[in-house]
Amino acid sequence: MLRQARVTSESGAGVSRRPRTAAPLTREGIAAAAIMVADERGIEVVSIRRVAERLGSGTMSLYRHIADKDDLISAMVDQMTGRYAYPDPEGMDWRQRVHALARTDWRMFLEHPWMLDATSSVAPPFGTESFAAMEWALEALEPLGLEPHAAARVIMTVNNYVQGSVRVVLGERGDGQADDPGLNWQRRLLDVDLERFPRLRRLVRHPIPERGRDWFVDGLDVILDGVQNRGRAPA
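Basically our numbering = 1-based index in the sequence shown + 16.
Derived from the structure by calculation, the hints contain no laboratory data.
All C-beta atoms, glycine included, are put in the ideal place defined by N, C-alpha and C.
A hint or two may mislead.
Stated by the list, open to error - Taking CB as the label site, the calculated pair distances span:
| hint | residue 1 | residue 2 | range |
| --- | --- | --- | --- |
| 1 | Ser-136 | Ile-239 | 14 to 22 Å |
| 2 | Arg-65 | Arg-215 | 53 to 61 Å |
| 3 | Asp-241 | Arg-183 | 18 to 26 Å |
| 4 | Arg-221 | Ser-136 | 33 to 41 Å |
| 5 | Asp-87 | Gln-244 | 37 to 45 Å |
Said to hold, decoys possible - The calculated lysine to any residue pairs, modelled on SDA-like cross-linking and capped at a C-alpha distance of 25 Å, are:
| hint | residue 1 | residue 2 |
| --- | --- | --- |
| 6 | Lys-85 | Asp-133 |
| 7 | Lys-85 | Ser-136 |
| 8 | Lys-85 | Ser-73 |
| 9 | Lys-85 | Ala-48 |
| 10 | Lys-85 | Asp-55 |
| 11 | Lys-85 | Ala-139 |
| 12 | Lys-85 | Gly-74 |
| 13 | Lys-85 | Leu-126 |
| 14 | Lys-85 | Met-150 |
| 15 | Lys-85 | Pro-141 |
| 16 | Lys-85 | Thr-75 |
| 17 | Lys-85 | Glu-60 |
| 18 | Lys-85 | His-128 |
| 19 | Lys-85 | Tyr-100 |
| 20 | Lys-85 | Pro-140 |
Generate coordinates for the entire structure from the input sequences, incorporating the hints supplied.
Structure (structure tokens):
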């Protein structure tokens, strides 16, 4: 009888087996699966249930690692921030570092537009990768001698500029191509009667170079010129 029971157990007869995921669940793995869902369908469809389906797991299993949807989005943002880590600052001055920061974030938001809503829908802190990014940015501004809160305002202003510029580009083309918004705006107004608005008419008729102009960098430099005047760094 004992041998028969062992054989029955080994053969699986009469034993209910639940399907297992290919790998143990982790917070990082859950966030990675959620990122894939967001990349494919947008942040608005991301849920614990959909991510569990993606992983072939039960919903309750995810709750051992993720508290709720806000916690899930925080984990997604932190992981994405780590994927787009800022470069080694060796040899860069403060201004070059802020340009590198802006370009890195620009690429991240264009390649993963759901991050625009994710970073605004859930309040920080997001996690260690996000803390590391903020530390990098604060260190970049140290040569300016700004007070901590003033430096934080600079970072927030640059971040708002980057996100706003990405939203303009996505709205203009819908495909993330970085056409010059100023040039597009000028073209749309060329045939409009602006007789009553002489300054606007002069602006519209003033030529903007079709090539050789990086409107994103130009706008960022306007911000950084003001930042430099507030700090103590040399030009």
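Taking only the CA atoms, is the gap from Lys-85 to Gly-74 under or equal to 25 Å? Holds, at roughly 16 Å.
If you draw a straight line from the CA of Lys-85 to the CA of Ala-48, is it 25 Å or shorter? 14 Å, holds
Given the hinted pair Lys-85 and Asp-133, is their Cα-Cα distance within 25 Å? With Cα atoms ~14 Å apart, Lys-85 and Asp-133 stay inside 25 Å; holds.
Compare the distance between the alpha carbons of Lys-85 and Ser-73 with 25 Å, and conclude whether the hinted pair is satisfied. 17 Å, holds
Could one say that the CB atoms of Asp-241 and Arg-183 fall in the range 18 to 26 Å? 23 Å, holds
Assess, step by step, whether the Cα of Lys-85 is no farther than 25 Å from the Cα of Pro-141, and give holds or violated. At roughly 15 Å apart (the allowed maximum being 25 Å), Pro-141 and Lys-85 satisfy the hint.
Holds or violated: are the alpha carbons of Lys-85 and Tyr-100 at most 25 Å from each other? Measuring from Cα to Cα gives roughly 23 Å; hence the hint holds.
Against the range 53 to 61 Å, how does the distance between the Cβ atoms of Arg-65 and Arg-215 compare: consistent or not? 55 Å, holds
CB of Ser-136 to CB of Ile-239, is that within 14 to 22 Å? Between Ser-136 and Ile-239, where Cβ atoms are some 20 Å apart, the hint holds.
For the pair supplied as a hint, Lys-85 and Pro-140, confirm whether the alpha-carbon distance does not exceed 25 Å. Holds, at roughly 14 Å.
Could one say that the CB atoms of Asp-87 and Gln-244 fall in the range 37 to 45 Å? 39 Å, holds
Need the status of pair Lys-85, Asp-55: alpha-carbon distance at most 25 Å? Roughly 17 Å between the alpha carbons, so the hint for Lys-85 and Asp-55 holds.
In summary, the structure agrees with every hint in the numbered list given earlier.
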